[in-house]
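> Listed below are the residues making up each chain.
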Amino acid sequence: MNKILIANRGEIAVRVARTCREMGIRTVAIFSDADRAALHVRCCDEAVRVGPPASRESYLAMDNVIAAARQTGADAIHPGYGFLSENATFARACAKAGLVFIGPPPEAMEEMGEKTRARRKAIEAGVPVVPGQKEPIPEGGEAKAKEFALGIGYPIMLKAAAGGGGKGMRLVEDPKDFDSAYATAQREALSAFNDGRVYIEKAVSRPHHIEIQVFADTHGDAIWLGERECSVQRRHQKVIEETPSAIVTPQLRAEMGRVAVNAAKAVRYVGAGTCEFLVDGHTRNFYFLEMNTRLQVEHPVTELCTGLDLVRWQIEIARGGRLPWTQEDVLKNLRGHAVEARIYAEDPARNFLPSPGTILELRLADGPGVRNDCGVESGSEVPRYYDPMIGKLACFAQTREEAIARLHRALGETVVKGITTNTSYLRGILELEEFRKGDYDTGLLARGADRLLPKAQEGAALTEDEELALAAAAIWQLEQDQKLAAPPVAQEQSAWARAGRLSALRRSR
Amino acid sequence: MNKILIANRGEIAVRVARTCREMGIRTVAIFSDADRAALHVRCCDEAVRVGPPASRESYLAMDNVIAAARQTGADAIHPGYGFLSENATFARACAKAGLVFIGPPPEAMEEMGEKTRARRKAIEAGVPVVPGQKEPIPEGGEAKAKEFALGIGYPIMLKAAAGGGGKGMRLVEDPKDFDSAYATAQREALSAFNDGRVYIEKAVSRPHHIEIQVFADTHGDAIWLGERECSVQRRHQKVIEETPSAIVTPQLRAEMGRVAVNAAKAVRYVGAGTCEFLVDGHTRNFYFLEMNTRLQVEHPVTELCTGLDLVRWQIEIARGGRLPWTQEDVLKNLRGHAVEARIYAEDPARNFLPSPGTILELRLADGPGVRNDCGVESGSEVPRYYDPMIGKLACFAQTREEAIARLHRALGETVVKGITTNTSYLRGILELEEFRKGDYDTGLLARGADRLLPKAQEGAALTEDEELALAAAAIWQLEQDQKLAAPPVAQEQSAWARAGRLSALRRSR
Amino acid sequence: MKYHAIVRGQEHTVEIAPQEGKYRVVIDGKELLVDAVHLKGFAVSLLSSARSVRCDIEPGKDGQLSVLVGETVHPLELLDERRLRLRKASGKFSMEGPQRVDAPMPGKIVRVLVKAGDEVAEGQGLVVVEAMKMENELKSPKAGKVTELHAVEGAAVESGAKLVVVA
Amino acid sequence: MKYHAIVRGQEHTVEIAPQEGKYRVVIDGKELLVDAVHLKGFAVSLLSSARSVRCDIEPGKDGQLSVLVGETVHPLELLDERRLRLRKASGKFSMEGPQRVDAPMPGKIVRVLVKAGDEVAEGQGLVVVEAMKMENELKSPKAGKVTELHAVEGAAVESGAKLVVVA
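These protein sequence lines are chains L, S, F and A, in that order.
Take 240 as the starting number for the first sequence in our numbering and just add one per residue.
Take 240 as the starting number for the second sequence in our numbering and just add one per residue.
Take 1140 as the starting number for the third sequence in our numbering and just add one per residue.
Take 1140 as the starting number for the fourth sequence in our numbering and just add one per residue.
Excised from the complex, chain L in its bound form (with noise of 0.2 Å):
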């Protein structure tokens, strides 16, 4: 393997290029028209466009992809996550056109890549699922429906057969509010995907989001790296992850481990793959929700804490090496405490609107402890076509406070001008008390709301820090406002000229 495309954009694609570079593997990357100006094409040392802005028509384009590695002669593709990631189909269409998938098998893919697949594989292999019904329940079932959910005990859950992302979906505490709940769920699951059949779950009380990271080679062998807390999630999308959990014991890591092995076993995985569970806050019982096959946005998480390179493995696992680690090496390196931030191009006092645009100016934060993965950099543009994700944060240290604080600080090092980030919000997060214990479910950030919006300062008297911005203003407008009143000659420099006067203008005295 000398030359691997990464068919992917953004941060994921320049960290993927940073291994290849320490491992001596030159790469390819791809881009879309609006991305010719992006980081990661100038991180790879060829670039091929596949297409206009829509993902569509470009990063998701399998001939287009495929192409651009046959032109420039790679032999494997990296396909990062999300975009073609997890298709089976583009998966079969490499290996045809005689290109290594840096991923699991097709086969693997699409056992893993269907829910109900997915939950039957689970079952087979011993792993937990959330106990349901495997039917929605039938006209007129009510009454069979109302047994099963006093079997599986309250509280239950109610959601819709045809969709997800919360809407039919009732929590009923109690079996006297069965009828009611069941009547509401129906009516919205009809209302939002024209198909209004229900079916009973039990409800996980405080759920968790804890997954774990799996490695499988091609020898058979598979091992778990940890797991990665996730519950810090806006609208199911992760916001902060950390390893190790609060709520996971020893024990508890161990067993999910070993079944979160059993599962890629059961498929013949190969290569990075994370399996997702719920855990139960207060029986700490968990329940297999998916397994994604491919590496995850927040893996260097478990990079931190393990040491390890996991692009590094899955492109070694990908040319038939063996697995470097035995178990036992994983629980003797594991160490200290690793949280990550995910930074994201939006603005929090408005609703979270998406906040595409330049970047005037990056600043990064930097020293002990403090790892940036940025597809972005001073000047960079900010698509609107793409996920608004621009960068991720992650800090390590011995202790699960030291971390956070870390974190906090290096967050308040960040910079980015021209847009609006999340960084403020973030760093709400992390003062959070219930954060702070350690023990949040996944409704932290929705009970948190109100905590997290930018606080107003009380009162009409100007704080000191809004006196120094006013200072600061004043100077910039005062020296505005001499320029313009300047000759002409002041302004015929050419921009690198003054950018130095600029920054030498009152340098030392």
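In case anyone wonders, no lab produced these hints; they're calculated from the structure.
Below, a list of computed lysine-lysine pairs in the BS3-like style, where the Cα atoms sit at most 27 Å apart: (1) F:Lys1161 / L:Lys722; (2) L:Lys694 / F:Lys1281; (3) F:Lys1272 / L:Lys656; (4) S:Lys406 / A:Lys1278; (5) L:Lys722 / S:Lys722; (6) S:Lys694 / A:Lys1278; (7) F:Lys1169 / L:Lys694; (8) S:Lys656 / A:Lys1272; (9) L:Lys571 / S:Lys571; (10) S:Lys477 / A:Lys1272; (11) A:Lys1301 / S:Lys656; (12) L:Lys722 / F:Lys1141; (13) L:Lys477 / F:Lys1272; (14) A:Lys1281 / A:Lys1227; (15) A:Lys1247 / S:Lys406; (16) L:Lys477 / F:Lys1247; (17) A:Lys1141 / S:Lys722; (18) F:Lys1278 / L:Lys694; (19) A:Lys1272 / S:Lys406; (20) L:Lys656 / S:Lys656; (21) A:Lys1161 / S:Lys722.
All of these numbers come straight from a predicted model, not from anything done at the bench.
The hints should help you fit chains S, F and A onto chain L, whose structure is shown.
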């Protein structure tokens, strides 16, 4: 301890400020007139001018520094490294002013500060030192000296009693060469130091410069935190450091660690300290050189392999806290490999000529396993008055080979425009076969000097990269020429608008 | 020089004059002596008493400035006499009169929920704009009538484009 | 536009013209079709065939350019016809004639090792300049006579200041 004055500048001041922020401790910067616009000034909550550019009138002016602490109500002083960090008088002055000096007690600094006294202390504590004469060879004492040389065994070194820096120093491998070498050494010493006296020391063959990080608390406990291999030196100045050393076995590490801890305990040491040893590349015998009674420049590699924040430990110990780890905790937590490169504002192609000036643009490396400790940013002035080190780049990975590949990649991402730096030279060192093998001594850079010079391209034909360089230059020049010909209205935009325009010029098609 | 500033809806006066290599800044009668050094990228390093901060200034639309002080952004407006009068005359302070609803970011109009002439309630959805895979519903700032409708389903819009006017 | 370039002492011709949103660049008769996008800070992202590089351009003194291609700096000169003639006339190509010795960096003159009128050998030390705690000895580029001496012990000098002329 609520507010710490950081009595330093550059990257170490920035680094200390970061940990203080994470600990919720307010910080005070000091600055000379050459540093008003320096990064460390705005990384602290407060800042006080301490004098004109020359160090002895500012950063070394004890009264000014202590006055700054009093003026701002700081209750402690962190000295960083260099400047006042190993000055016992300053430590006493701090105590007198009611300020906690974050470092060892002045008595320990004095006992370890003076070379001959430190050597005596070391011998008392059972720490091995290079065998040699305690006094110079007296006139007419040649015969006795030769006997002594035979006693400790050849090869031996003749060293000038009055000075260092390699002058008046001669290696003697065979007794028959003693007389002529002695005469030469005397002549050189006389001419260099106006003092021709010479003494004998056992020659250490293939010498490695290896140091042990120690930490001691006020309760009498002391531990070691592993070694650092610092043999990559140019004219006795460290350039690249790594941990672990390829020649240090677990047994040797434990033995050197034990001895270093004994040395620290012998002087009732407190806080972070480093025992420097010369290790014989053949016999692996080690000899105490000196103890640095402060944090070292290269402490990040130890932090990367232990997962610790040594500045946090310094502060906690200065507060009277106990060492958070036992020696067993260290052994359990040491892992992986870390390498650090010092980035100097100097031009290796012009005999390492210093290169102060304005940094027009700074791009730092990022991604997995990369740590930047940088004292400058885009627009910063590198003053001509101080040390040319502008920052450090350290990388961590599970293996030495991967850590080196990572540092090589990261140095490639590091771009400093406006001044010349040694990043290419550093990459060259990482490419030396002798360095790659790991068992290199302090002669590495001298032996590799020719291979480290920028390689002149052979042949008149342009390389592909040179063609691209010409294409880029021509595109740039064409635009400059067209801009000069453009109507003046285009030139009257503010620099702000211009910056936006330039970057947006051909963003997407 | 004398400026008028608006911070959190309140008006303040800011007088500024160079003094001995620094700036004398008087805010609502309170005097600060500020040492300022330019940094790259429209930022200054300020020292006021011993306090040290970096301030990043980002000019927005309509004379709005966002000033980052340390780690917090302060939105404010700074106006001279002339601009203050204009500002007050423009009536932007109130919800009286016709209100424009502009595209808050570049994106694509995926749905138009009203027709010209419709009566709308405050907070009622008018237009749905999509950017970065997310749909954002723009709501009416007041109760009234849709007097202008420029949004067209499927069209791409730039940030600040006028979509609807409610009077 | 046609330029003359000097790379490693060799002269080359570079012709450039915009073509279909890209640039047609002909170097010594060899044609490249280069797609270029401006980045911040005098840098461009180039695509030539599939090859992708970032080039940072840093103008130096006397029309010298340093171009960073990927990870390596290429020093070169780019001149139009007029500047090429001037350049050749200036005689900088050779060691014939009087040679200036300039301060290579800002610093302080700590020692002057020659007097005006001294005969010096090639490589002989002339002046010692200190910067960043390091002393740097400036050597004579040729054998000859010190015809001008501007260096004064203890004086601060800027980069490029004329210190000695050897003829």
